[in-house]
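Asks: Sequence:
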Amino acid sequence: MTDLVPLQPGTSPAAYDPATLAVLAAMEQAAEEHLDRIRPHNTKRGYQNDWALWREFHRWLAERTGHELPLTAVTKGTLVGFVVWLDTVKLAAPNSIDRRITGVTVTARAQGAEVPKAATEAARQALKPLKLDPDRMARGRGKAAAATLQQLQQMAAAAPASLTGIRDRALWLMAFGIAGRSAEVAALRADGITLVSEGLDVQVPSVKGLPGRKVRVAYGANPDTCPVRAWLTWRAAAGITSGPAFLPIDVHGQLGTTALSASGCREIIARSAERAGIAVRLTGHSMRSGFITAARKAGKREEKIRAQSGHAANSPVFWGYIQEADAWTEAASEGIGL
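In the numbering used here, the protein residues as written are 91 to 428.
Quick caveat, the hints were computed from the structure, so don't treat them as lab data. Honestly, I wouldn't trust all of these hints.
Straight line, CA to CA, 30 Å or less: simulated BS3-like cross-link-like pairs of lysine-lysine [stated by the list, open to error]:
1) K304 / K387
2) K304 / K394
3) K134 / K218
4) K221 / K207
5) K304 / K390
6) K298 / K134
7) K134 / K221
8) K207 / K218
9) K207 / K134
10) K134 / K166
11) K298 / K390
12) K221 / K166
13) K207 / K166
14) K298 / K394
15) K166 / K218
Please work from the sequences and hints to get the whole structure.
Replies: Right, dumping it as structure tokens:
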């Protein structure tokens with residue numbers, strides 16, 4: 091039997107002939123098709139969601155760099171940046187981030203992109219300390235914390251006296267005032283916000299197939315947390331009368347021309363809460379759920395609250411908020427002689 095001699099350093103294997111290369115290429119293609127056929131449907135759907143987040147990350151990156159990278163540019167820098175973005179902006183749990191890395195890698199390679207092993211190794215290296223943080227590991231195991239009126243006051247007090255601070259305060263107070271989703275806040279138009287004697291008539295645009303709605307935002311009793319005053323201050327400072335209601339601002343204080351993204355709105359809310367030293371992590375949804383809770387505790391009718399938030403009459407999420415807000419209203423243990 092002929093001994094197998096290892097390839098010696100400095101030598102190259104013999105080149106394959108064209109016929110062999112054609113067969114190998116066909117087998118590569120057949121292997122990909124076979125693996126795709128046997129891949130579970132849920133896994134495929136997960137990879138699609140991972141790639142959608144990768145797209146969103148690239149849009150977010152383009153807002154800050156002024157240049158949009160190709161989606162197939164999966165490098166050490168972009169993949170580590172993706173991990174950091176998922177952690178700090180999307181507030182994703184580490185295990186979820188781990189799966190996203192795999193989904194992006196598999197999808198990119200299926201599109202013919204080369205993903206260096208060093209890139210995936212660096213991304214998982216960046217993930218290691220996140221998996222040691224109990225608070226991060228607990229993410230996604232419960233609903234987002236509802237913002238309270240006291241927390242809004244803390245955030246207002248901590249807002250910097252700059253154009254960015256003025257915008258940020260107007261953004262999260264508007265999000266609270268309209269009980270808006272982050273995508274709705276991002277889609278607001280300056281010419282869709284009309285000042286009337288009682289406050290603001292706000293046209294909330296249709297997003298993600300959901301119907302638009304017109305809501306009323308009344309003047310607040312506290313000037314620091316009044317969404318009407320905050321909006322008027324931002325509008326005057328930015329000099330906007332039409333176009334997107336909320337714009338990006340670069341490090342030099344220069345206004346952008348395109349609307350903030352939904353993820354940008356969520357990032358502003360989370361950053362403002364962190365700056366104020368709020369113990370819980372507030373997200374974009376915290377403003378929406380916070381409004382519903384505060385309005386219910388103030389005695390507002392369910393149909394009025396639903397008209398503001400855009401929830402369906404049979405929405406279990408909406409009624410869950412109402413039940414939480416009513417938890418201490420005539421509590422069963424109250425006044426029974428204990």
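Asks: Give a verdict on every hint.
Replies: We went through each hint and held it up to the structure:
1. Of the supplied pair hints, the one linking K304 and K387 holds, its CA atoms being roughly 23 Å apart against a limit of 30 Å.
2. Restraint check for K304 and K394: satisfied, since their Cα atoms lie roughly 12 Å apart, inside the 30 Å limit.
3. Distance hint between K134 and K218 is fulfilled; the C-alpha atoms sit about 26 Å from each other, no more than 30 Å.
4. Between K221 and K207 the CA atoms are separated by roughly 21 Å; this keeps the pair inside 30 Å, and the hint holds.
5. This hinted pair checks out: K304 and K390 have alpha carbons roughly 18 Å apart, not beyond 30 Å.
6. For the suggested pair K298 and K134, the alpha carbons sit about 22 Å apart, so the restraint of at most 30 Å is met.
7. A threshold of 30 Å between alpha carbons decides the hint, and for K134 with K221 the separation of about 25 Å falls inside it, so the pair holds.
8. A hinted pair counts as satisfied when its Cα atoms are at most 30 Å apart, and K207 with K218 qualifies at roughly 17 Å.
9. With a C-alpha separation of about 22 Å, the suggested pair K207 and K134 falls inside the 30 Å cut-off, and the hint holds.
10. For the suggested pair K134 and K166, the alpha carbons sit about 24 Å apart, so the restraint of at most 30 Å is met.
11. Restraint check: the Cα-Cα separation between K298 and K390 comes to about 28 Å, which is no more than 30 Å; the hinted pair holds.
12. For the hint pairing K221 with K166, the CA-to-CA distance comes to about 20 Å; that is within 30 Å, so the pair holds.
13. Pair hint K207 plus K166 holds up; C-alpha atoms about 9 Å apart against a cutoff of 30 Å.
14. Note on K298 and K394: the hinted pairing holds, with a Cα-Cα distance of about 23 Å set against a maximum of 30 Å.
15. A hinted pair counts as satisfied when its Cα atoms are at most 30 Å apart, and K166 with K218 qualifies at roughly 16 Å.
Hint violations for this structure: none, all hints satisfied.
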